[in-house]
Amino acid sequence: MTLHPILAALKKHKAGVTLITLQIALTLAIVCNAVFIIGQRVERVHRPTGIDEQNLFLIQQAYVGAPTGDDAASIEKLDAMQRSDLATLRGLPDVEAVAAINSLPLLQSSWTGGVGLKPDQQHSTEHAAYYFGDDQMLNTLGLQLVAGRNFTSSEISNRGFRGVGEPPMVIVTKALADKLFPKGDALGKTVYLDGLAIPSTIIGVVERMQIPAAGGWGDSFAWNSVLQPIRLDANYTRTAVRARPGRLDAAMREAREGLFNANPMRVLENQPDIGIGIMPFSEIRARAYRADIGMAVLMGVICLILLCVTAAGIVGLTSFWVGQRRKQIGIRRALGATRNDILRYFQTENLLIAGAGVVLGAILAVGLNLWMMKQFAMDRMSLLYVLVGIVVLMLLGQGAVFAPARRASRVSPVEATRSV
Amino acid sequence: MFGYYLDLALRSFKRNRVLTALMVLALGLGIGASITTLTVLKLLSGDPLPQKSARIFAPEIDPLTAASTTPAEKLFQRWGNLMTYTDAMNLLHARKAERQAVMALASSKVTPQTPGQHPFFSDGVVTTSDFFTMFDASFQYGSGWSAEDDENRAHVVVIAGFLNDKLFGGANSVGRILRVNDHDYRIVGVLKPWAPQPRFYAANLGGRGYGNGDALFMPLQAAIADKVNTQTVNCFDSDVDIDHLETAPCAWVSTWVELANASDANAYKTFLSNYVAQQISLGRLHHPEVALPNMMDFLAQQRVVPDDARMQTNLAFGFLLICVVNTVGLLLAKCLRRSREIGVRRALGATRAAVFTQFMVESGMVGIAGGVLGLVFAELGLWAIRQQPAEYASLAHLDVSMFIATFVIALIASLIAGLLPAWRACVVAPAPQLKSV
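Just so you know, the protein sequences line up as chains E and W, in that order. Take the first sequence: its position 85, counting from 1, is numbered 87 in our numbering, and each next residue is one higher. Take the second sequence: its position 128, counting from 1, is numbered 149 in our numbering, and each next residue is one higher.
Everything labelled a hint here was simulated from the structure, so no lab data went into it. Just so you know, not all the hints are guaranteed correct.
[Stated by the list, open to error] DSS-like mimics (lysine-lysine), calculated; alpha carbons at most 27 angstroms apart, straight line: (1) W:63 to W:73; (2) W:95 to E:376; (3) E:376 to W:63; (4) E:191 to E:120; (5) W:456 to E:329; (6) W:456 to E:13; (7) E:13 to E:329; (8) E:176 to E:191; (9) W:213 to W:63; (10) W:187 to W:213; (11) E:120 to E:176; (12) E:329 to E:14; (13) W:248 to E:79; (14) W:456 to E:14; (15) W:290 to W:73; (16) W:35 to E:329; (17) W:73 to W:117; (18) W:290 to W:117; (19) E:181 to E:191; (20) E:181 to E:120; (21) E:185 to E:120; (22) E:16 to W:456; (23) W:290 to W:95; (24) W:73 to W:213.
Chain E extracted, bound-state conformation (with noise of 0.2 angstroms):
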């Protein structure tokens, strides 16, 4: 079949077939674009943190009356309040490890600072966010050590959460031990945190752990977390408990019951807003990745919402000339053309339309994405997503037409007589 007939045909519809093919082309670029938001978000959001995140909770908790923290002697107590804690939630049935520490991952609460390679670094080498705990942060959280070893008890000490001094030793994550060593030989060196002059030697390595920032300004030091022997001590505490498997509710109830009856003293009501309360780890990670779940599923609506309008946008235009063609395809098929001669004219016709919609649309989306990295920080979006949206349309646009098609396939021969 030549294309000549569907070239004249369509030069009779310029205004009609110029919206068709304008719609197609807006559709691609703005589905386009969606889809590459979504996938990044998506991507995002399944990043694993590096900690084993079934069965953990965090217990974040104020005492009342307890002393400031001002002198030696109120550390002092806070230290043993804590430990206290910790010792009781040791001893709870359902309950496998315990750690104190000030963080964990996607908490969006973090200390961050810089790690020098020599002392008095004006600016320092890599920025990363701190995790200070004690001795049982690895085995609770699920870190994978990759090289060296763990804090021992007696390498944990205390210190006020205003406190100054930095530890002799810390663990670090691969990602910030390959930036700073390139060679692969970070065990063992040493680093100076905050640009001072105090060595601290890396005695251990793990796989993956990520900041407490999850976006934002966070996205440039992800995976840099440093880990130190440290127990903070203030009169607000955080503590990161695995229960045993399968009995997180269990062990989140006797922990409440557990704190509350050793000491009535505190502020443990949920208040997950202002960081007070007991949640599990599942409950951090949908409340920092809760925006880009509601972006990824709004612009995927708005997507699946875009396709049906154009479809049905080419059916009902296609409809149409089908109603006014009827004379005409009377007339084909009388003069001996089959019903798939006429179904296939559709197609092609849609085809042609489709074509020139989705060239005009894989440029309009290339151009979308670039303005969008002007204004919102976009990324580049990979030609993938313009490929298979170009697939994605020419199909809908192909299924789109097909019931109009076959009507107009079925259109008798005898229309050709009629004259209306």
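Chain E is fixed; fit chain W onto it per the hints.
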């Protein structure tokens, strides 16, 4: 004539029910999505104090060390009017503005005296005496504290109405003692509902941007004496003694000033430059740049409206554009099929203008119907947003202006969509159409 056109339009809709439904549905979806995202955007980028925002300014200075290579403009984007306690107090005591206040956020522990009630945390602001008059926070009972109270580190507190309801059942609690962060504070005032949206003064202090407002307001100096933990502390030099934040090289308080007019603002900016120059000569500061944005410019600088919200609005309008293109296509196809009807009308004496008007009335009706449906979709969309855990979620409601905007957008969109088909209809030549009948 208008009634007749309405009748004709209704007949035409009846003839193509599916198609009409499709047009209305597409337009409704596009309008619903646009109105939903616009409402959220409007909510997020609103003016927190409409009567006053033009007179409130944020003085910004660069406290970084001499070694710092961060451009001042970048620093202001990140820190805004955050500064060291020393600089803030110097600006406060200079009293060069009509009003001035220094503040920081501190989530504070409240221990109720009634037995059986557990202690809890509340959002708190530690600030100075001008805060309430400058930011138009009015009192239900009592009043704020005085500048002397600030200097004397008086343990007084102003509480929000909702906290007063929770603790004292809404009764006048002025003069009663509240235990905050394990210290006794005397209540001097209870605020009427006061919750500027966005919570502009918290934008760079590490607080939530929206929500039901703060519960506690305490004098800054008294709170420092009690070792308050503030939400954001940015230290920019080594040798930080974080235990003495008043003198530490850390930016952790923000300063706001009220200036009556532009010439006062210019004068204040000059004062600010002179102050920084003087501090540079003393060796305390090292960078001469200053800025004095007003409240709305400050909110833009701090990028308070999330990128996601702006992206969603753009997306929704892209969606509406496609829906309009779709409607144009369908209206056009529909009108071309009616060439014969138009021919008859023209032959019977209808002018081109009459045919044009007829088709515009028809698309206008599609628009109105789309607007009504769009309103339903917008309410649905806003309901969905209210179910989200975002901090501004509960504020997402359709107001009168957005209600009107819905119909204006719907009508404009449909009339634009109707232009081409109506024009095509009115240029139909009657004779050839009549011949074939």
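Hints and how they fare:
1. W:63 to W:73: Holds, at about 18 angstroms.
2. W:95 to E:376: Answer holds: residue 95 of chain W to residue 376 of chain E is near 17 angstroms, not above 27 angstroms.
3. E:376 to W:63: holds, 23 angstroms
4. E:191 to E:120: Holds, at roughly 11 angstroms.
5. W:456 to E:329: holds, 16 angstroms
6. W:456 to E:13: Judged against 27 angstroms, a Cα distance of about 23 angstroms means the pair holds.
7. E:13 to E:329: holds, 18 angstroms
8. E:176 to E:191: holds, 14 angstroms
9. W:213 to W:63: holds, 24 angstroms
10. W:187 to W:213: Holds: residue 187 of chain W and residue 213 of chain W sit about 14 angstroms apart, inside 27 angstroms.
11. E:120 to E:176: Roughly 20 angstroms between the alpha carbons, so the hint for residue 120 of chain E and residue 176 of chain E holds.
12. E:329 to E:14: Holds: residue 329 of chain E and residue 14 of chain E sit about 16 angstroms apart, inside 27 angstroms.
13. W:248 to E:79: holds, 17 angstroms
14. W:456 to E:14: holds, 20 angstroms
15. W:290 to W:73: holds, 19 angstroms
16. W:35 to E:329: Holds - the C-alpha atoms of residue 329 of chain E and residue 35 of chain W are around 25 angstroms apart, at most 27 angstroms.
17. W:73 to W:117: Holds, at about 19 angstroms.
18. W:290 to W:117: holds, 10 angstroms
19. E:181 to E:191: holds, 13 angstroms
20. E:181 to E:120: Cα-Cα ~15 angstroms, so holds.
21. E:185 to E:120: holds, 17 angstroms
22. E:16 to W:456: Roughly 24 angstroms separates the two Cα atoms, so the pair holds.
23. W:290 to W:95: OK: residue 290 of chain W and residue 95 of chain W at ~19 angstroms, within 27 angstroms.
24. W:73 to W:213: Cα-Cα ~18 angstroms, so holds.
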